Amino acid sequence: MPKVTINGRELDVPAGTNLITAAEMADQEIPHYCYHPGLSVAGNCRMCLVEIKALSDKQNNPLPKLQIGCNTLVQEGMVVESDNPRVKEARRSVLEFLLINHPIDCPICDQAGECKLQEYYMDYGRYESRFSLGDKVHKHKVEPVGPSIMLDQERCILCTRCVRFLDEVTETHELTITERGDHSELTLAGGASVDNPYAANIVDICPVGALTNRDFRFQARVWYLDSADSICTGCATGCNIEVSSRRGSIYRLKPRANLDVNGFWMCDHGRTTHESNNAENRLQTSLVREGGQFVDVAASAAARRAAFGLKTVTSLGIVAGAGATLEEGFLAAKIQDLLGAGPRIVTSPATSDVPDDKMLISTDRFPNRRGLKALGYEEATSIDKPVDALLVLRADPVAAGGAWVEQLESLRATVVVSDRADETTGFADQVLAIGSHFECEGTFVNRDGRVQKFDAAVAPPATAVAGWQALADLLAALGGPAYDSQESILASLLDDLRDPSLVSASPSVAD
Amino acid sequence: MSEKVLLRFEDVSADLTDISQYVADGGYESTRKAIAELSPEEVLAEVKDSGLRGRGGAGFPTGLKWSFVPKDTGKPIYLLCNADESEPGTFKDRAIIEKDPHQLLEGIIIASYAIGCHDAYIYIRGEFADGYDILCKAVAQAQREGYIGDRLFGTDYSLNVHIHRGAGAYICGEETGLIESLEGKRAYPRIKPPFPAVQGLFGCPTIVNNVETLACVKHVIAKGASWFKAIGPEGGPGPKLFCLSGHVRRPGVYEAPMGTGLRTLINDYAGGMLEGRTLKAVIPGGSSVPILRAEETDIAMDFDSVAAAGSMLGSAGVIVMDDSTCMVHALRAISHFYHHESCGQCTPCREGTGWLDHIVTRVDLGDGTDDDLARLDSVAGGMLGNTICVLADAAAMPVQSFLSKFRDEFAAHVHDGGCALKDGRRAVA
Ligand SMILES: Cc1cc2nc3c(=O)[nH]c(=O)nc-3n(C[C@H](O)[C@H](O)[C@H](O)COP(=O)(O)O)c2cc1C
Ligand code: SF4
Ligand code: SF4
Ligand code: SF4
Ligand code: FES
Chain A
37 MPKVTINGRE LDVPAGTNLI TAAEMADQEI PHYCYHPGLS VAGNCRMCLV
87 EIKALSDKQN NPLPKLQIGC NTLVQEGMVV ESDNPRVKEA RRSVLEFLLI
137 NHPIDCPICD QAGECKLQEY YMDYGRYESR FSLGDKVHKH KVEPVGPSIM
187 LDQERCILCT RCVRFLDEVT ETHELTITER GDHSELTLAG GASVDNPYAA
237 NIVDICPVGA LTNRDFRFQA RVWYLDSADS ICTGCATGCN IEVSSRRGSI
287 YRLKPRANLD VNGFWMCDHG RTTHESNNAE NRLQTSLVRE GGQFVDVAAS
337 AAARRAAFGL KTVTSLGIVA GAGATLEEGF LAAKIQDLLG AGPRIVTSPA
387 TSDVPDDKML ISTDRFPNRR GLKALGYEEA TSIDKPVDAL LVLRADPVAA
437 GGAWVEQLES LRATVVVSDR ADETTGFADQ VLAIGSHFEC EGTFVNRDGR
487 VQKFDAAVAP PATAVAGWQA LADLLAALGG PAYDSQESIL ASLLDDLRDP
537 SLVSASPSVA D
Chain B
25 MSEKVLLRFE DVSADLTDIS QYVADGGYES TRKAIAELSP EEVLAEVKDS
75 GLRGRGGAGF PTGLKWSFVP KDTGKPIYLL CNADESEPGT FKDRAIIEKD
125 PHQLLEGIII ASYAIGCHDA YIYIRGEFAD GYDILCKAVA QAQREGYIGD
175 RLFGTDYSLN VHIHRGAGAY ICGEETGLIE SLEGKRAYPR IKPPFPAVQG
225 LFGCPTIVNN VETLACVKHV IAKGASWFKA IGPEGGPGPK LFCLSGHVRR
275 PGVYEAPMGT GLRTLINDYA GGMLEGRTLK AVIPGGSSVP ILRAEETDIA
325 MDFDSVAAAG SMLGSAGVIV MDDSTCMVHA LRAISHFYHH ESCGQCTPCR
375 EGTGWLDHIV TRVDLGDGTD DDLARLDSVA GGMLGNTICV LADAAAMPVQ
425 SFLSKFRDEF AAHVHDGGCA LKDGRRAVA
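Chains as they are written, first to last, in the numbering used here: chain A, 37 to 547; chain B, 25 to 453.
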């Protein structure tokens, strides 16, 4: 590994690393706009200029020109300065150039608060304006470039990140730059519309407010948003995501970079998965039957009633959806073990009308099939062995059709654990209301066998509880072992997993 | 004056665009010699030994550039002849193309042979419509006579020559912009490294050489490296074309030995200043290079001497200005050009060229302030050396040099609300 010195700090950096990344490793920042680790190097913004005091141990005289950190790779003995007066002056000057034709409409810009122009101006700019307003070049400000994306050409700093994403990642080429010099503008390539399954990523990677999400525009000031690390439930790929919320409402989902799973991206469908979180049929509270009618009860009371109903059962079947977490699947299985063996099935279909693509999208629209199978669940659409009770976990088998209705009507007990009222909850004796996966912490195993934990972003509604909590209560009420946290459940279930090919979660990386 | 080689068409009565007359004049003998008698290594060694430096502007040693081509990549190697000639004040390549295209083709064939190229391209400026037709005809003739094509001169060396027309952007002359354009993309210059010699056209090793450079290659082989070296200074010898324009009696392109005095070029070659005018300033190497005041013009015109005088030989576009010239207005024309031609890729150039143009225009119109003059200098300073290609430097250097050398004139525009030289406005436009 080459040894380099950045601002006086010496460190070993893997060969092939550029100076922006090497500086991060040394806890130093080289500000940049056009460089993105998921895209080719364009070298056009010139924000990352640094001084090379020595190119290598063999060539240790300073380079006369400043060099761009994004396109300069480490070499043994390289000495770099990114914070000396010469570099700072060049950077101040680049910022000034970027801002002379910028509209500076921060008060009405959605990017405000997470804008690299604002951020670097505060860190490295701060000069008296020397450009007269009348000289600014004007361009189009509100230009829809696709069903979900709005472009403000004046705010665009022409870093070409979006163009490169569409050229290199999706290979759909919808955006291009036309004209030249300070009349250059980002625009749709003849007749195109940015309408591909990954389009919204360009909004994320735009360092300024030029590309905005038509959904999220003017919805919230980003500095009021809370964020949580999560895993997308849109399909079996398990893209790592960040959930932004405010006062219990979810505003948007963005990818978290994870080179082993989703790179730096997620699909547009995944971004919409939070929409059903506020659906009308969300369960606010657990339900038990009183004289044939459902009445609201506290979570613990519902668990006790369910335990009472299951106590004398000798064969319990479990019907799970592939959206159930590992923890939930594990606790349900423990309950089953306590009462006597029975079938465990996953009913969610493994394929859909969305085909696998060569990027991220999986035809399996559920996040944890692999995890449930590792816990011994089998894929089936019905339970053919005789059972006298069912535990339904985040599944709606009735809606899928088949002989479920007769079967449910013949059972001694049916307990449904769900975050929403659906066709199956209507046949339940008890409904344990739980949070959606945005409201619980838990673990999924993606299609490649990667075990990935996620956090709760918001609290479950009303008296609903986390899925693991509801099942832990039921297990305890039946006299089983007590679990008091998601972590403790995960710790004991990891030993139980039957799939040696599973791999532990890899950490997300910065982008 | 020594015998002309590059502008031989001026000395002979033959029409050198016609291949039979060209061959009758001894044409294609050097090409035959190179391919039939010399190895590629021997050709390269001869060119290296000649001390030939590139005539496209930067003066990079040609043989050294060729030696950077890796031979073992398994990829094709390309030679690109840069015939985009668009630098204001420059019109030398055009003379070669229109009057003596076969000497250029000979240079291309010999250079291709030396570097192992089997497909050479001539990228010609779009506006050169006549030049394009002449070159097409010349290539067709050379193919017919067997100087271009398969198994040249009975050897197993083969070469195709393709001609591609630009569409009218100065930046297509920058070698990596040219490569992008040839690949069918916008001429956005590439970041270097990698350099074209290693990764150029279609990702393959590529050499880009100027028209005049390649023409010189032919003469190096025809007359030998020692003949070439004996012309002009050791650090950059050879015959040279100088483009004289502006307030001289006989503007035009002249061939003279490298190192000829700038005053000699103006007075003896171009016939001196216009009647009754005196020399005020000279831009010695095309609009991109720093300007020289009259008292700084007693210099030899070769790469090192002009550099020592604080400017550059560049494309040898010698723009001569007399005492009627308004320096602010002249700079305005230059700044406007670079504003118009910046490709817009790099922040400092995209924004800086426009900003400079605005301020210079304002000062020229009498609306400038003292702050504007300080600003000009610092805006130019923020562009210099900080971009992907040197167009930004080409825009910034004239601003800084005009300002430092003609400060009083700029200050007078600010304080007197415009130009005292009323006629000066029209002198350079
Ligand atoms: C903005 C710009 C424009 C250029 N235009 C030309 C041109 O029109 N013709 C040319 O030969 N070189 C031009 N050059 C120089 C080329 O990049 C390159 O250095 C040259 O073609 C190399 O040839 P040489 O080694 O034979 O000089 C230009 C450079 C820049 C930065
Ligand atoms: S829209 Fe954003 S990402 Fe695209 S070029 Fe402009 S600033 Fe860059
Ligand atoms: S590819 Fe799958 S996991 Fe990734 S964002 Fe899309 S739906 Fe979610
Ligand atoms: S310096 Fe100017 S012309 Fe050259 S690449 Fe950058 S923006 Fe384009
Ligand atoms: S990040 Fe290096 S030039 Fe933009």
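These are calculated hints, taken from the structure and not from any lab test.
Just so you know, these numbers come straight off a predicted model, no measurement behind them.
All C-beta atoms in this analysis are idealised placements derived from N, C-alpha and C, irrespective of residue type, glycine included.
Heads up, a few of these hints could be off.
Stated by the list, open to error - Quick list of in silico lysine to aspartate or glutamate cross-link-like pairs, DMTMM-like style, CA-CA up to 20 Å: (1) A/Lys172 to B/Asp396; (2) B/Lys209 to A/Glu523; (3) B/Lys123 to B/Asp73; (4) B/Lys209 to A/Glu221; (5) A/Lys172 to B/Asp42; (6) A/Lys489 to A/Asp296; (7) B/Lys209 to A/Asp296.
Stated by the list, open to error - Facing chain A, from chain B, some residues (calculated, C-beta under 8 Å): (8) Phe84; (9) Pro85; (10) Ala246; (11) Ser250; (12) His364; (13) Cys367; (14) Gln369; (15) Pro372; (16) Arg399; (17) Val414.
Stated by the list, open to error - With the C-beta cut set under 7 Å, the calculated list includes, among others, these residues of chain A facing chain B: (18) Ile140; (19) Ile144; (20) Ala148.
Each hint tested on the structure:
1. A/Lys172 to B/Asp396: holds, 16 Å
2. B/Lys209 to A/Glu523: violated, 55 Å
3. B/Lys123 to B/Asp73: Status violated; Cα separation ~28 Å.
4. B/Lys209 to A/Glu221: Status holds; Cα separation ~16 Å.
5. A/Lys172 to B/Asp42: Not OK: A/Lys172 and B/Asp42 at ~54 Å, beyond 20 Å, violated.
6. A/Lys489 to A/Asp296: Cα-Cα ~15 Å, so holds.
7. B/Lys209 to A/Asp296: Violated. B/Lys209 to A/Asp296 sits at ~33 Å, over the 20 Å cutoff.
8. Phe84: violated, 16 Å
9. Pro85: Hint on B/Pro85: violated, closest Cβ of chain A at ~19 Å, above 8 Å.
10. Ala246: Constraint on B/Ala246 not satisfied, violated at 38 Å.
11. Ser250: Violated - the Cβ of B/Ser250 stays beyond 8 Å from chain A, reaching only about 34 Å at its closest.
12. His364: The hint holds - B/His364 has a Cβ within 8 Å of chain A, the shortest such distance being about 7 Å.
13. Cys367: holds, 5 Å
14. Gln369: holds, 5 Å
15. Pro372: holds, 5 Å
16. Arg399: Hint holds; B/Arg399 Cβ to chain A Cβ min 6 Å, cut 8 Å.
17. Val414: violated, 10 Å
18. Ile140: violated, 14 Å
19. Ile144: Violated. Min distance 23 Å.
20. Ala148: Violated, because the Cβ-Cβ distance from A/Ala148 to chain B comes to roughly 21 Å (cut-off 7 Å).
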